[in-house]
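**Student:** The listed protein sequences derive, respectively, from chains G and W.
Mapping of the first sequence onto numbering that gives the first Met the number 0: residues 0 to 474, in sequence order.
Mapping of the second sequence onto numbering that gives the first Met the number 0: residues 0 to 486, in sequence order.
Bear in mind the hints are in silico, worked out from the structure with no lab data behind them.
It should be emphasised that the depicted structure is a prediction, and the values quoted were computed from it without experimental measurement.
A virtual CB, placed ideally from N, CA and C, is assigned to each residue, including glycine.
Restraint ranges, calculated between C-beta atoms of paired labels, are given here:
id: 1; chain 1: G; residue 1: Gln242; chain 2: W; residue 2: Ala53; range: 30 to 38 Å
id: 2; chain 1: G; residue 1: Leu414; chain 2: W; residue 2: Gly113; range: 46 to 54 Å
id: 3; chain 1: G; residue 1: Val329; chain 2: W; residue 2: Val280; range: 33 to 41 Å
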Amino acid sequence: MSGASRIADDVRSGARSARDVLDEHLEAINRREPDIHAFNAVLADEARAAADGVDAAVARGDDPGPLAGVPLALKDNMCTRGLLTTCSSRILEGWRPPYDATVVERVRAAGAVVIGKTNLDEFAMGSSTENSAFGPTRNPHDLTRVPGGSSGGSAAAVAAGFAPLALGSDTGGSIRQPAALCGVVGVKPTYGAVSRYGLIAFASSLDQIGPFAATVEDAALLLEVIAGHDSLDSTSIAGPAPQLVAGLDEGVSGLRVGIVDEMTEIDGIEPQVRDAVRAAAAGLEAAGAKVDTVSVPSATYGISAYYLIAPAEASSNLARYDGVRYGLRVDADDVSHMNSATREAGFGREVKRRIMLGTYALSAGYYDAYYGQAQRVRTLILRDFERVYEQFDVLIAATSPTVAFELGAKTADPLAMYLCDVCTVPVNLTGHPAMSVPFGTGDAGLPIGVQVLAPALGEPTMFRVARAIEQAAGR
Amino acid sequence: MTAYETVIGLEVHCELATASKMFCGCPNEFGDEPNTNVCAVCLGLPGSLPVLNAMAVEYALRVADALNLRVPERSVFSRKNYFYPDMPKNYQTSQYDEPITIDGWLEIDGVRVGITRAHLEEDTGKSQHVGVGGRIHDAEFSLVDYNRAGVPLLEIVSEPDIRSAEQAKRYVEELRATLLAVGVSDVKMEEGSLRIDANVSVRTPGSPEFGTRAEIKNLNSLRSLLRAIEYESDRQWSLTQAGEKVVQETRHWDEESGRTISGRSKEEAHDYRYFPEPDLVPVEPTQEMRERVRASMPELPAAQRARYIEQWGIGAEDARVLVDVPGLAAYAERAVAALPGDSGGSAKDVVNWVRQEVLAYINETGLSPAVLAPEMLAELVALVAAGTISRQQAKDVLAESLRDEKWPRTIVEERGIAQVSDEGAIADVIDRVLAANPNVAEEYRAGDEAAKKKKWGFLMGQVMRELKGRGNAQVINRILEQRVAGE
Numbered sequence: 000m001s002g003a004s005r006i007a008d009d010v011r012s013g014a015r016s017a018r019d020v021l022d023e024h025l026e027a028i029n030r031r032e033p034d035i036h037a038f039n040a041v042l043a044d045e046a047r048a049a050a051d052g053v054d055a056a057v058a059r060g061d062d063p064g065p066l067a068g069v070p071l072a073l074k075d076n077m078c079t080r081g082l083l084t085t086c087s088s089r090i091l092e093g094w095r096p097p098y099d100a101t102v103v104e105r106v107r108a109a110g111a112v113v114i115g116k117t118n119l120d121e122f123a124m125g126s127s128t129e130n131s132a133f134g135p136t137r138n139p140h141d142l143t144r145v146p147g148g149s150s151g152g153s154a155a156a157v158a159a160g161f162a163p164l165a166l167g168s169d170t171g172g173s174i175r176q177p178a179a180l181c182g183v184v185g186v187k188p189t190y191g192a193v194s195r196y197g198l199i200a201f202a203s204s205l206d207q208i209g210p211f212a213a214t215v216e217d218a219a220l221l222l223e224v225i226a227g228h229d230s231l232d233s234t235s236i237a238g239p240a241p242q243l244v245a246g247l248d249e250g251v252s253g254l255r256v257g258i259v260d261e262m263t264e265i266d267g268i269e270p271q272v273r274d275a276v277r278a279a280a281a282g283l284e285a286a287g288a289k290v291d292t293v294s295v296p297s298a299t300y301g302i303s304a305y306y307l308i309a310p311a312e313a314s315s316n317l318a319r320y321d322g323v324r325y326g327l328r329v330d331a332d333d334v335s336h337m338n339s340a341t342r343e344a345g346f347g348r349e350v351k352r353r354i355m356l357g358t359y360a361l362s363a364g365y366y367d368a369y370y371g372q373a374q375r376v377r378t379l380i381l382r383d384f385e386r387v388y389e390q391f392d393v394l395i396a397a398t399s400p401t402v403a404f405e406l407g408a409k410t411a412d413p414l415a416m417y418l419c420d421v422c423t424v425p426v427n428l429t430g431h432p433a434m435s436v437p438f439g440t441g442d443a444g445l446p447i448g449v450q451v452l453a454p455a456l457g458e459p460t461m462f463r464v465a466r467a468i469e470q471a472a473g474r
Numbered sequence: 000m001t002a003y004e005t006v007i008g009l010e011v012h013c014e015l016a017t018a019s020k021m022f023c024g025c026p027n028e029f030g031d032e033p034n035t036n037v038c039a040v041c042l043g044l045p046g047s048l049p050v051l052n053a054m055a056v057e058y059a060l061r062v063a064d065a066l067n068l069r070v071p072e073r074s075v076f077s078r079k080n081y082f083y084p085d086m087p088k089n090y091q092t093s094q095y096d097e098p099i100t101i102d103g104w105l106e107i108d109g110v111r112v113g114i115t116r117a118h119l120e121e122d123t124g125k126s127q128h129v130g131v132g133g134r135i136h137d138a139e140f141s142l143v144d145y146n147r148a149g150v151p152l153l154e155i156v157s158e159p160d161i162r163s164a165e166q167a168k169r170y171v172e173e174l175r176a177t178l179l180a181v182g183v184s185d186v187k188m189e190e191g192s193l194r195i196d197a198n199v200s201v202r203t204p205g206s207p208e209f210g211t212r213a214e215i216k217n218l219n220s221l222r223s224l225l226r227a228i229e230y231e232s233d234r235q236w237s238l239t240q241a242g243e244k245v246v247q248e249t250r251h252w253d254e255e256s257g258r259t260i261s262g263r264s265k266e267e268a269h270d271y272r273y274f275p276e277p278d279l280v281p282v283e284p285t286q287e288m289r290e291r292v293r294a295s296m297p298e299l300p301a302a303q304r305a306r307y308i309e310q311w312g313i314g315a316e317d318a319r320v321l322v323d324v325p326g327l328a329a330y331a332e333r334a335v336a337a338l339p340g341d342s343g344g345s346a347k348d349v350v351n352w353v354r355q356e357v358l359a360y361i362n363e364t365g366l367s368p369a370v371l372a373p374e375m376l377a378e379l380v381a382l383v384a385a386g387t388i389s390r391q392q393a394k395d396v397l398a399e400s401l402r403d404e405k406w407p408r409t410i411v412e413e414r415g416i417a418q419v420s421d422e423g424a425i426a427d428v429i430d431r432v433l434a435a436n437p438n439v440a441e442e443y444r445a446g447d448e449a450a451k452k453k454k455w456g457f458l459m460g461q462v463m464r465e466l467k468g469r470g471n472a473q474v475i476n477r478i479l480e481q482r483v484a485g486e
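Given these sequences and hints, build the entire structure.
**Tutor:** Put into structure tokens, the structure is as follows:
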């Protein structure tokens, strides 16, 4: 097995068949999936049919596309026509969407072979994939540890070699943090760069779909396929997808790189993580970048603002799960009791906690002090970052304050779990892009990720810097 | 003068007649099989997202021009959160603190009623409760039809400027005529295209304070609106007089019992937890869009009425009826245009016929004026003006003409009822009658008032008999005058 670009090249040239590529990955799944539980569903039959379709296209002399025959895992909060889509929640029991998410259409059109639907924290609410109604996913590097979350299944699938590519969604760090903990590349694109149509909403103003891959190049390849305007998403940015792969190796000479103080030198950060950020910075400097430290004071308030805005939107987005039209229904004497009985049985503890938080933050008399104040902080953080980007081309920081922690370590303490996102939430609030790149390993061989941040639509530069860090890490 | 003053503000929900729904491409059609005009978006399926229908915005801008509303540079959609089975997402996408239009007015009989705002929102589905009574509480089960879910609505909120039930009715009539004229809605109250909530309070005349208001829902016709406001204001005043307090609450109009019934009180009302809709971007109508709308605006009812009054010399009430009845003004305009210039008939004559006979026919048959041929009415008016038939005869002719789509002249010929108006022929007959009754003219001239009247009647009768009842009475009168009274 090898990287996605290599597989696509081989399949397009006829050097390998998509079916062979798929079978190798299915075999890897057979071997280790029982221990890892990356998937809610492995779509072996559908994937075989798709792979055969790709091979037939090649045989006809057609080009199946830039992801020809590349197995790809989808986070199970993206709609797949006719196939169970669960959000790892009991509330969606039995629901099969009548349509495909835009990203699903795009990866299929590019020749990718959807191999399965991956596990997540219920409705993408969590940082360890332990909040799944179907049981946790385990970190392929150490089965006693979490893969991070909420896209833990997708990160683990790539790390375990189940699929060279995966899609996740990032609302407060849900792609980048598990990427860091599993030692893979994870990207949260600029808000609006990738269509959200068919992504089951957690917090609409923060959610963004992005790629997981083993390498920066593969992540760039996948992002080129899924990005670009979609008329079905009103928040989608007009214009075509950015060109990323072509400029990857242009180097970082002369780029101004800032190390964000508030996202690196913080309480509770493990020294090994901080050292990795510093080492990555040194690597960039050696490659010709100008590196300095920078302060974004308001970033400190990111977590507080995030944990008001995200639950507020979630409380409204999740109101539709009421037992009336689809999914779970728990019968009761009248409609409103049926609604509450269904929601009581269908949602897990963390989802309920956030619905309560969000409902409270929006309620009459509290709106201004909570939701309103959080929105003002959000504006402040955006201004701070915009100001910083006048002096820097990109920023770097830690992705996660710690390496992968043990299962159960934080489940009893929601606040400790929320603090996993301290370095990742600021860019969800600003809408800017950011990605996590593996940078060596720390204690017990656990992976460490370094985060690269860029201004809106700054993906081309961000990827170049990520590539340079990847090289500095010796990969 | 009543002992109290009623203060009324109206919230009118108008379904916009766009081809597709507010946030998806589903057809916006009334009366189709349940749950056929639905998709992932209007069913609120997980993962679906709304895309704003540009026509709904354009329609709102048309209404803004018609109702003198201001259009802020940007407006924002918000979510109104509450649980109800006919609402697929359990929130309604509406507008809250930044509506698309604000601060307008509509003039009713010389009085300006302020309009606070008109904002866009999506309609809900429709529940049908099956079982005893048809109400949710005693239903065995309920069915929901989501065809209406996502249909664009414009909610037009008036200031509390209305002072009587009659004025409220006039406001709705004028609003309806205006919405119809600008082509944004079919304004059919019976199909729910126009739905009204009335905020009603009472106070001592001249008091600067407003009383506590009740919001009356379920007003499905102008008649319910009138009756409900009258009932509710009387109820509130009686309470006040008895020293009791009016409770701020929602009340439902019950057509059968003719009463308003308490709903949930506002104190325990839903907290709607409005917040900006993150799935939509702010609406910022461009200058070009606004100008295009302005250029395409038709004549508004008020201007149309003023034009008829001035050009045709008709009364205000006539003008109002012409404009209020769909299609009637266009019919009248075409009939006036078809009137031959030398016929002696006037636009005013045409309007009289339209308002009485034609309107009666329309009301009776339910037909639209658009299916009638206005040229036929023009011919009829010309026949009357020429004296070919009397007004009385013309009524029968018109009835037949409308019913059988037959030209009035053909009917007159078939029936052989054309009047004799020829002066020479009539003069000959008069001369023969006078010759046969040589004393009568003398007796007429010599007689007192009573005798004069009697003799005149006798002569008229003789002349008419000779003419087999088809003589033009006006012509006979005039010539008889010359022969008998004159010289």
